[in-house]
Amino acid sequence: MPLIVPLLLAVVLFCIGVYGVLARRNAITMLMSFELMLNAVNLNLVAFDAWRLDGLATGQTLAVFVITLAAAEIGLGLAIVLLLFRGHGHVDADSARDLVEVDAVQQEKGAAT
Amino acid sequence: MNAILLGILALPILAAAALWAVPVAIADRLAALYGSVVSGVVLIGSLLLWPRGAWASYTTLQDRPLRAVTDVPWIPSLDVRFHVAVDSISMPLIVLTALLVFLCCLYSVRITPRIGRTRSLIALLLVIEAGVIGTFSAMDLVLFFVCFEIVLIPMWLVIDIWGDDHDPAGRRRAATTFVLMTVLGSALMLLGFLLVHRKAGTFDIVQLTNSPVLGGHGVALAAAILIAVGMAVKVPLWPLHIWLPDAHAKAPTVGSVLLAGVLLKLGTYGLIRILVPVLPDATVTIAPYLAGFSTVAIIAGSLACLAQTDVKRLIAYSSVGHMGFIGLGIATLSPAGLRGALFANIAHGIITGLLFFLAGAIKDRHDTSDLREIGRALYARLPRIAALLTFASLASLGLPGLAGFWGEMLVLLGAYNPADALPRATYLVFMVLAGLGTVLTAAYFLRLVRNLCQGDPADHLPAAFAVDLSRIELATWAPLIALTVLLGVWPGLLLHQWGNL
Amino acid sequence: MTLTWTDWQAIAVPLVLAVGAVVVLLVDGFWKSGSRELRHAVVTLLTSAAILFGLVFVWAQRGGFKPAFCRPAVEGPAECSLVFEPLTAGLWAVLLIGGLGVVGLSAYRLLAADVPIGEYHFLLLSALVGATVLAGARDLATMVIGLEVVSLPSFAMVALRRDRRGSEGALKAFLVSVLSTAVMLFGISYLYGVTGSLYLSTIANRLPGIDPDLRRVAFAAGLFVIVGFAFKIAAVPFHAWLPDTYVGAPVEVTAFLAVVSKSAGVAGLLVLVTAGVAADGSELRTVVAVLAAVTMTVGNLAALRQQEAVRLLAWSSIGQVGFLLAPLAVGDAQAVVGYLAAYVVVTLGAFGSVAVVQRHRPAGLLTDYRGMVRSEPGLAAALIFFLVVLAGLPPGLAGLFTKFAAFQAVIDAHLGWLAIVMAVNVMIGLAVYLRWVAELFRLPADDPFSVDIESPAVAMISLCAATAAVLSVLPSTMFALAT
Amino acid sequence: MIATAWRVTGVGFSLLVVLTAGLLYGTDPAQTSFMNSPVGDLTIGFGVRTDDLTVLLLAVVGVIATCVQVYSLGYLHQRPASYHALVTLFTAAMVTVVIADSLFLLLIGWEVMGACSYLLIGHYWERRDARSGAVKAFLMTRLADVGFLFGIFVLGVGAGTFRISELDPAQISPGVLTTGTLLLLVGVVGKSAQVPLQTWLPDAMPGPSPVSALIHAATMVAAGVFLIARLYDVFSASDTIMTVLAIVASVTMLFSALCAMAAVEVKRVLAWSTVSQLAIMFSGLSLGTADGRHAALFHLVTHAAFKGLLFLCAGVLLHQVGSAAFVVLRRYTRRGRLRKALPVTFATMTVGLAALAGVPGFAGFFSKDTVVEAAWHHARDGSVVGWIVLVSVCVTVVLTAFYCMRLWLWVFFRSPALAGALGAFEDDDPMADLEEPDTSKLRDAPWIMLAPLVLLAVASIGLGYADGVQLNWVLALVTTVLALLGALPAYSLWSRGADPRPVVLEREFGVDTAYHGLFVVPVRWFARLAVGGDQDVIGAYVRAAGRAGTLASQGFRRLQTGNVQTYLTAAVVGVVALAVVAGVISS
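Chains as they are written, first to last, in the working numbering: chain A, 51 to 163; chain B, 7 to 507; chain C, 6 to 488; chain D, 3 to 589.
Source of the hints: derived by calculation from the structure; they are not laboratory data.
Glycine included, every Cβ here is placed at the ideal spot set by N, Cα and C.
Misleading hints may appear alongside valid ones.
Stated by the list, open to error - Chain D regions said to be covered by chain B (calculated; three or more residues, Cβ under 8 Å):
1) 117-129
2) 566-575
Said to hold, decoys possible - SDA-like cross-link-like pairs, simulated, lysine to any residue; straight-line CA separation at most 20 Å:
3) B:K205 <-> C:I425
4) B:K205 <-> C:G421
5) C:K71 <-> C:V61
6) C:K71 <-> C:L8
7) B:K205 <-> B:R179
8) B:K205 <-> B:P82
9) B:K205 <-> C:P453
10) C:K71 <-> C:P217
11) D:K342 <-> D:G324
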């Protein structure tokens, strides 16, 4: 298998992840998109590791770390989303706008009316 | 000797801190008296620094004896030293500063801005004094820059808090414009200093003077332009003068006096102290442009004065014209021009200080500085103040025999005979234009006298509260008047100091 | 034959901090008998002790060079994952001082009542562990771990109050941060692919010699890594989460974000740049320079019209980061660390002052500060001093000289355009802070702020002011940190 | 109290000047310099000298100043302190000019005189014409003084010294010499109100009459003549400058004599006559010969006496009658009161006018004849300048006789043809329809004012013989005939009750209007332009910068929508943009 195949796949995965982050409003879906992006990274790392064969298996090691990282992030992320749900009653990331600046809100209101 | 210099640098700061630190509210007059005493001591100290006799012996710009030298490392990693000293260029300016601050404090004993808070005002004046004296005595570019910046925030506060109480928005805008333009200018100036450092590897003005950064293009030119622009904002040179009329017009009397009398001098002093000796070749390259802008300043400032309807604004614009003369003198790079600039620095400080005191007195008495509202015939209503205003106007328009003349004359002489490397024909044109500028200067001062002092008293009944010259005013202004006459009839008093500069 | 070797002194500080974190958590969790005040005091003391140990250690070892997790390299000197050297000492000092300051700010009777004490200090210490590791890291994996260990606890701290504002702020910071981590890791994966190593020194050695076809890939990879840090330090255009999060969090946590979290990001970026990933003259440095210019301009401009104190500080901290990035773009560690030191001390002081006012005037508007020179002269004087240092004007010489050093670094690196942008931003920045200072001086105030200020706050603010004053008079101490 | 002190000081100082002149008379010329400061390779400092010229001028200045000060004791009651102080300063400034050996000291006196004249002309600052006349006087002389200053530069730098006694025309290159003296001449023209800077002098008439006497007789305008006499070596070394001077003088003397013919106020007639007489002095100087210089100085002295006398007489008219306008005076005259009520004034004024007109036997006659004689000698040697001077002086003699006769007759004598008619002057004055004045209370002035008149009247006759009578009888006859030629038409017009005043003369050739349109209006326009430029151009940039900052700030706040996905999008776009920008900058 040429190196380019996993790399391309990783790019595609990463782009899907980015798309998901930008387009989905549900915070849980966004978290899943992040997972996709991190998995793209892992795929890259493993592919490069296999290509480089540097003896330390650096890429694979880092991939393991990334998996751990992802777990930690998702854990914390879910906790924050839970808190958000408790406070707002929904998990729409783009509807949590309490902290917006006064001017911006006013302008939006002006545009709505 | 250097203890005196360090003393007059530290004393105002410490005194200001002490004044602020006093927890109880002390009476306004007591604060002003305290300020007078402190600044009086500083004045005495600065006079003690004044050399007695021995200075006529030195010869060239490169070989100028420094006095009261203190030179210790300050920030070794940035190559910054605490290097202060005085010489014949800075000494008169230091004395002028000390004198004007002293007079301002003295004036505040009786006459303060309506808003009160005299304690803070006095403290700020003292901080300004320290900053200005520090700038005049700094022999390290970075120290110069730091001291240059010290005066900004106090002056901003003085305008912002004690300014024209009829126009809070206007005084705030004036103060902010002043401080922002000056800060931008000084930041650019700092870039110039850093370029100098990159080329020469030192910030020490004495070393840089002895082995200047040569070359009239490239980095040296960029540095010269940046430094010149930074100083020009402070001077201010046309077209960077736009902050000046507002700041002067809105500032309280003491603020205007210090702003015009002292702060503007920082820029010209910097040009003479740093630009000319440190970047000689690059200065030659930009000097014609500097001279050109100065000439425009003379003409445009004078013309603008002709159309002003506000006394303080008019005097402020007159500063633009006068500072234009100083800029032109520096740009000639000739002995006469540089001396003229130095002399005009002092003369302008004294005369414009007096003018602003007078304008403040008139403003206090009429609660406005608008010519149309004040009315005419001050000769009848306030004869002494009007007479002094006429005197100061004559002095300011450069009447020979008064201090204003010698500076302008030497500047014009310098423009007639500029340094060899400069295009003489161009400077002759500048000289003629500047000469016409003196006529315009006379025109607007006469217009001021005509519209304010003269006129039919029947049309303008004297206000009930209008008191002519009070004792404190006389006491405050007398030294300025005396100096105006003294320097007018005896220019050698200063010219001699500068020897064969 | 040794596979790896470690000088344990190099990792003593993170270790102690980590142990301290666990101890704090245990004490708070299992010692239910003590009153809340007592527990708070003990926890604060423990935390301070751990951090103080770190500071003392750094002071004692400041000149040394102590590598950890080293292995012999294929070519060149040994590759190490974590190094304690003078630069690290300087960064650690700054980070630890910042951490200590935040602990002081959170001392008894200051921290919001609804924040759990043990968790708070545990998270704080954990983040400090991450920060110190990040500042000492010399390979990309360690860096990522360090960065995450700084970030995740800070999000938790933001949400620690468990209210609507906190959760929203935490979510925003979290989402942006996770995206940044992903982007950064993506970059790291390519960097690894191109150079075959994660050690910074090795990468620096191999980058110049790589296949020209891969140069673009290497550039993109480096860009992605820098962007990851840019998220962390909220450089424009990756800054938008910052004001919202700052406003949403309790003021102490905001101070922590502004001081420790941001310093950690800068430290990581500094290590990355100076260790050679972005070599002198490389496009990546241009990237950082562009970031610096855009960040300071946008930050200062946006701060210009803010009405709330915290939001103003938030935007202005973006502007300050812009100034920090300028010497960073030319790899001048001394200027960066000096700037960071002054910034940390003064920001702590400013947030401390804001915390005092905000506790009694929750709206946190600038107008709440009106007339404070008369009603609260001491606090006002300190706040003015902090603001003036941030603006970089006398009497705030600490700020002036750090900005000066930044200018000098930029000028010496022939980045004229950046210097001009900086000069303009000095002006805009001054305009920002002067609005606040003007409010403080404005008299007469209808309803001047005047309370009995809590003694920990007095101590903290006085300490910050005194430190800033010392740094102003003897600026060389700041610049001595990184030499 | 203060006023008295200044009165005493004033009189005392002028007597001191006379005394000094007396003491210095006959002593050897000497000069000394002091307070010198080196400026580059030049020296800025002061110096004084004494020689015959100094003594002569000191005497003239002292005597006239004494007369004026004494006269003012009776004349002036409004604000005497400042008045006497300023007159004293004025005198002192002229003394400075006279004794100066340094060009800068000379300039100080020169310009302080200008300032004093400004303040004194504006003494009655309640009056509009006094205010504008004062401003005009100062500005025009100041404009000229700029030229003067530049002239000092050119000569001083060219010769390497600013000491008058060290200026050696032989060591100055001809170009520098011509330029320098030409520029100095600009100052002289301004100070002495020669064409084209003549308009300020007639407008300076609202000042107190004694001040006019001082300005016209001994100080200010005489300073111009003095300066050329002082620097005669330098000036006469350049033929160009002498020709220019001759032309200026000829044009001026004719121009101003013509203007004087149409003026309807005693002081204005006298003012124009001063301009004309000064031009005669300049024409004498322009000959470039020792004779010419001598003639000019002689005329300066006699002119000082009779012009001082005339102005003091006009002052008496003003003081006793209240106006010196023909139309007002005619009201008294047609009843025959004026001559009888003011006998001393009439007598002395007649002497003064006779001297001015060049009636044989009076001082003016002799001094004018010396000028004519010098010109004749010069012209006979084939000099064009001589001819120009000769012809113009002769024509001026005719014109002078005309306006002196006209003044004398109209002011003091009833017109035989139209006795009692205001006729000729009525339309000029808004006061014309006033009631007839009460002439019964008209008295001559107090003795303290009349004494100087008598003294000066004696001088106006006696000074003519001071130099010894060395008349060229033919020329004397010719000028007498010429004067008669001028006087006769005046008499015949008066006797017919007619006073034709051509519009062009009455408007003084429209010079004032032209200057107003050419200089004053554009300057005002430029002033508005400068203010507008500051506000709308430079100020606009500053304001726009501030506005832009605010708008940008507003914009960034709008971008802060609170929507985290916007933030993320911005970030992703930012990554791409950053890559592009970095690529552009690096490449």
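To see whether the hints hold, each was checked on the structure:
Restraint check on the segment 117-129 of chain D versus chain B: 6 residues with Cβ-Cβ distances below 8 Å, three needed, restraint holds. Only residues whose C-beta sits within less than 8 Å of a C-beta in chain B count toward coverage, and the segment 566-575 of chain D has 0 of them, not enough to reach three; the restraint is violated. Annotation: proposed proximity of B:K205 to C:I425 holds, straight-line Cα distance about 18 Å (limit 20 Å). Distance check on the hinted pair: B:K205 and C:G421 sit about 14 Å apart at the alpha-carbon level, within 20 Å; holds.
The hinted pair formed by C:K71 and C:V61 meets the criterion: a straight-line CA distance of about 16 Å does not exceed 20 Å. The suggested pairing of C:K71 with C:L8 holds, with an alpha-carbon distance near 17 Å, which does not exceed 20 Å. Between B:K205 and B:R179 the alpha-carbon distance is near 39 Å, which puts this suggested pair outside the 20 Å criterion. About 18 Å separates the Cα atoms of B:K205 and B:P82, which keeps this hinted pair within 20 Å; it holds.
Using a Cα cut-off of 20 Å, the hinted pair B:K205 and C:P453 is violated, with the two alpha carbons roughly 53 Å apart. Only pairs whose Cα atoms come within 20 Å are accepted, and C:K71 paired with C:P217 is rejected, the gap being roughly 36 Å. The hinted pair formed by D:K342 and D:G324 meets the criterion: a straight-line CA distance of about 17 Å does not exceed 20 Å.
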